[in-house]
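Protein chains in written order, with our numbering: chain A, -18 to 351; chain B, -5 to 194; chain C, 3 to 309.
Read the hints as simulated data drawn from the structure, not as lab findings.
Glycine residues also receive a C-beta, built at the ideal position from the N, C-alpha and C atoms.
Be aware that one or more of the hints could be misleading.
[What the hints assert, rightly or not] Covered stretches of chain A (chain C as the covering partner; in silico rule of three or more C-beta atoms under 8 angstroms from a C-beta of chain C): (1) 51 to 65; (2) 305 to 318.
[Said to hold, decoys possible] Below, a list of computed lysine to aspartate or glutamate pairs in the EDC-like style, where the Cα atoms sit at most 20 angstroms apart: (3) Lys94(C) <-> Glu(-10)(A); (4) Lys(-13)(A) <-> Glu306(C); (5) Lys233(C) <-> Glu159(C).
[To be verified] Here are some, though not all, of the chain A residues that point toward chain C, as calculated from beta-carbon distances under 10 angstroms: (6) Arg108; (7) Phe112; (8) Asp161; (9) Phe169; (10) Arg173; (11) Asp302; (12) Gly323; (13) Glu324; (14) Gln342; (15) Asp345.
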Amino acid sequence: MYVAVKGGEAAILATHDLVAEARRGDPTVPEITVAQIREQQALACARVMNEGSLYDMDLAALALKQSQGDVIEGAFLMRAYRTTLPRFGSSEPVDTAAMAIRRRISATYKDLPGGQVLGPTYDYTHRLFDFALMDGESEATPRTAPAPLDAAMPRVPDILGAEGLMEPEVPPEGDPAPFDLTRGSITFPAGRDVRLQSMARGDEGFLLGLGYSVQRGYGHSHPFVGEVRVGEVCVEFVPEELGFAVDLGDVTLTECQMVNQFQGSKDVAPQFTRGYGLVFGHAERKAMSMSLVDRSLKCREFGEAAVYPAQQDEFVLYHADNVEAAGFVEHLKLPHYVDFQGELELIRRIHKEREERLARQNEDLPEAAE
Amino acid sequence: MSAQNMIAPGFSDPVFQSQAAFRALLDALSEPGTLRRVDGDITPPEGMEAATAIALLALADYETPVWLPQALRDGPAGQWLRFHCGVTLVAEPGQATFAVIDGTAAEPTLAAFNPGNDQFPDRSATVLVQGAALEGGAGVTLSGPGIPGTRDIAPNGLRAGIWAELEENAALYPLGVDLVLCHGDGMLGLPRSTRIEEAR
Amino acid sequence: MTMHQVPAEDTKPAYNYAYLDEQTKRMIRRALLKAVAVPGYQVPFGSREMPLARGWGTGGIQVTAAIIGPSDALKVIDQGADDTTNAVSIRKFFERTADARTTEATEEATIIQTRHRIPEAPLKSGQVIVYQVPMPEPLRKLEPREAETRKMHAWAEYGLMQVKLYENIARFGEVTTTYDYPVLVNGRYVTAPSPIPKFDNPKMHMSPALQLFGAGREKRIYAIPPHTSVKSLDFEDHPFRIQSWTEPCGLCGAGDSYLDEVVIDDRGARMFVCSDSHYCETRRAEGHRGAMLGDAALTGLVEETKP
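Pulled out of the complex, with its shape left as it was, chain A reads as follows:
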């Protein structure tokens, strides 16, 4: 008898071998180590940590190595691992005012307590190739600053807040535990906790585009960078059995607070409004994009019309997730021949029926009409 030729499983296994081969590249070139990626590709690691929603530089580096540098594939690896981890509880809120500053800039004040700290930034590099890097001749010459940074680095919006000019941000009544969008299904309109979480793990490119759209007029935002700060904050956890906070270690964060045009009403004196971004690692572009879109999504709270994409929470939240988006876009590679057959059957039948109808019409026409 005849049986179907089956090769699916063998073919799948062979693709795994081919991936391993492609990943390794030319075997005469030394293999890259996870430590090298962690130390020398830290910005890519930060992006994988953000979009993978897991702070672990080593795993982020491993994800990048395993995915051949494909950031979304790397984020996917992080998330699939993260979801299996046991949860012990939530940390205490981190205090970014107490951040050990590496970089801190404000566009709203020429000078301010603590000063402007440029830190490591590409902002003023000229984008000219450094061909010396091609030969592996990079030389870092760290220099010690003549004076240590100020101990106090107040956050710019706090300075405005002290004057009563900044929209205060306080937890909702009763300070409920924030929603966890990795455990529950979100509903709309979405609360700010859900929006911020979703954006923190959202695709940098998508948020950058949306933030840009707000600036170009697809939104009503006229922002100033109140402050961007990068540095280390301490994460604390209060174990139930101890009842006091235990220091779990430091994480690197980038925080951006945008100061936006003021709002006011009969009862409330005008105040600047805030757009907020907070992300893992050094990731300024992401934090700034997030804070632009955060302010834009506050339109409902301020009674502004939500007409543009960046103002619509459902649009932003559902489409910012690049792991989900990539999965659905790429699923089009899967076989669809059953559905396509249905379409083929239909279009052929419509053609046939149309030809028959035209033929009938031609027969019915009197010859004089030709």
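Using the hints provided, position chains B and C relative to the given structure of chain A.
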């Protein structure tokens, strides 16, 4: 004495016993009125049928507030449930995701429990009704999803008004609570989608 | 602890049975019980990130993982066939994580996870069919906002859907939806049957099997209990009709099955074969022969085995 010594054990093999119990519940609610047996091999706490205890072990946790009759709530059953499932016991029937009621008690009526809302009818309560027997009582006829034609059941030891309450509940469809009648190791599902006719 | 560690022979930490942790399974199970109580209504659930890509069956996988046990026999199909790459991959996933007993025989399976087809052999009481669903919301193409479609379902406001179908008829003389053809479940909820060809829609009506639907990326679960009314939307003057072919399966001669088209040369020659690979194979084992069996052997689609 540790808590474990005071509180009767739950599942000895949570992964597979939960799975088996869930499949029995799934069958019970997708084919209303069919008798399903659960073999959880446990000794239920006082006042709880084995089927009730097994259903709660399989489904309840810190995300699902549970309502119990006062006597159960204050007794070993409440303690047992808190210990094994980490549930919050609530005093207000309307707050419960799962509730256990005594089939003969007049209160609370089914209307006291959350029927969900029109946009989220899934947010309704599941009520485990403990009765004297799942057969031998006055018969009622069921129809609706999960039932080819009609199906007759005759559970015993339920308050007189329960069928009228269930008819009211079914009239709320797609809102309404879902019932599982429990006795011994047997269970019988009566979801809100089931229409009920009392024998005349 | 949310992760139940199964001690393996080599004491390395292992994933839980069927991959999902027990708390997650409980959450999915609760959603499934509400889904069967309100047939056709989409229950939101806390869909987990899976080690397989979103859009590649993570909803169906989570549903199967929440229901499967040691006494189950699992069949996985994609496009009706057991050997499609993604079906192979999903079957492997359950063999690996749940030590699942798998089968290609429709009648032996207690759980059938499927993408895009319902097997040709009638399903039986006691079987569960789990559909992988990409877009659970049948109204999404008419109204992209979840906040709006939810209200439309709440108030059973389905006029927009009727209008869309009727516009189709006005333009093409018939409803041009050939797959994922919307159905009305239990007379209440308009529901997406998943992208099965409309050929399969009648199999859903009053099926003795339990039908479960999982949409992982969209985070929805829904169900159709056995013996439940499932009506494909239509109009009195334009009744619902299914696809038909002018020729039978080239391999087994079946005239009652859904056929896939296989292009066999570069001059446009083609043959039609059953999309349900097990159905086709069973018929051939019973001695049925299609007209093109010899050609199929030549092109490597089938091979002859000595009895």
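Hint by hint, here is what the structure shows:
1. 51 to 65: holds (count 6)
2. 305 to 318: holds (count 11)
3. Lys94(C) <-> Glu(-10)(A): It holds: about 9 angstroms lies between the C-alpha atoms, which stays within 20 angstroms.
4. Lys(-13)(A) <-> Glu306(C): 13 angstroms, holds
5. Lys233(C) <-> Glu159(C): Given pair Lys233(C), Glu159(C) holds - Cα atoms ~17 angstroms apart, limit 20 angstroms.
6. Arg108: 35 angstroms, violated
7. Phe112: Not OK, violated: Phe112(A) not within 10 angstroms of chain C, min 39 angstroms.
8. Asp161: Because about 9 angstroms separates Asp161(A) from the closest Cβ in chain C, which is inside the 10 angstroms limit, the hint holds.
9. Phe169: Holds - the Cβ of Phe169(A) comes within 10 angstroms of chain C, reaching about 5 angstroms at its closest.
10. Arg173: 17 angstroms, violated
11. Asp302: Hint holds; Asp302(A) Cβ to chain C Cβ min 8 angstroms, cut 10 angstroms.
12. Gly323: 3 angstroms, holds
13. Glu324: 5 angstroms, holds
14. Gln342: Since chain C brings no Cβ nearer than about 15 angstroms to Gln342(A), farther than 10 angstroms, the hint is violated.
15. Asp345: Given a least distance of 19 angstroms, the restraint on Asp345(A) is violated.
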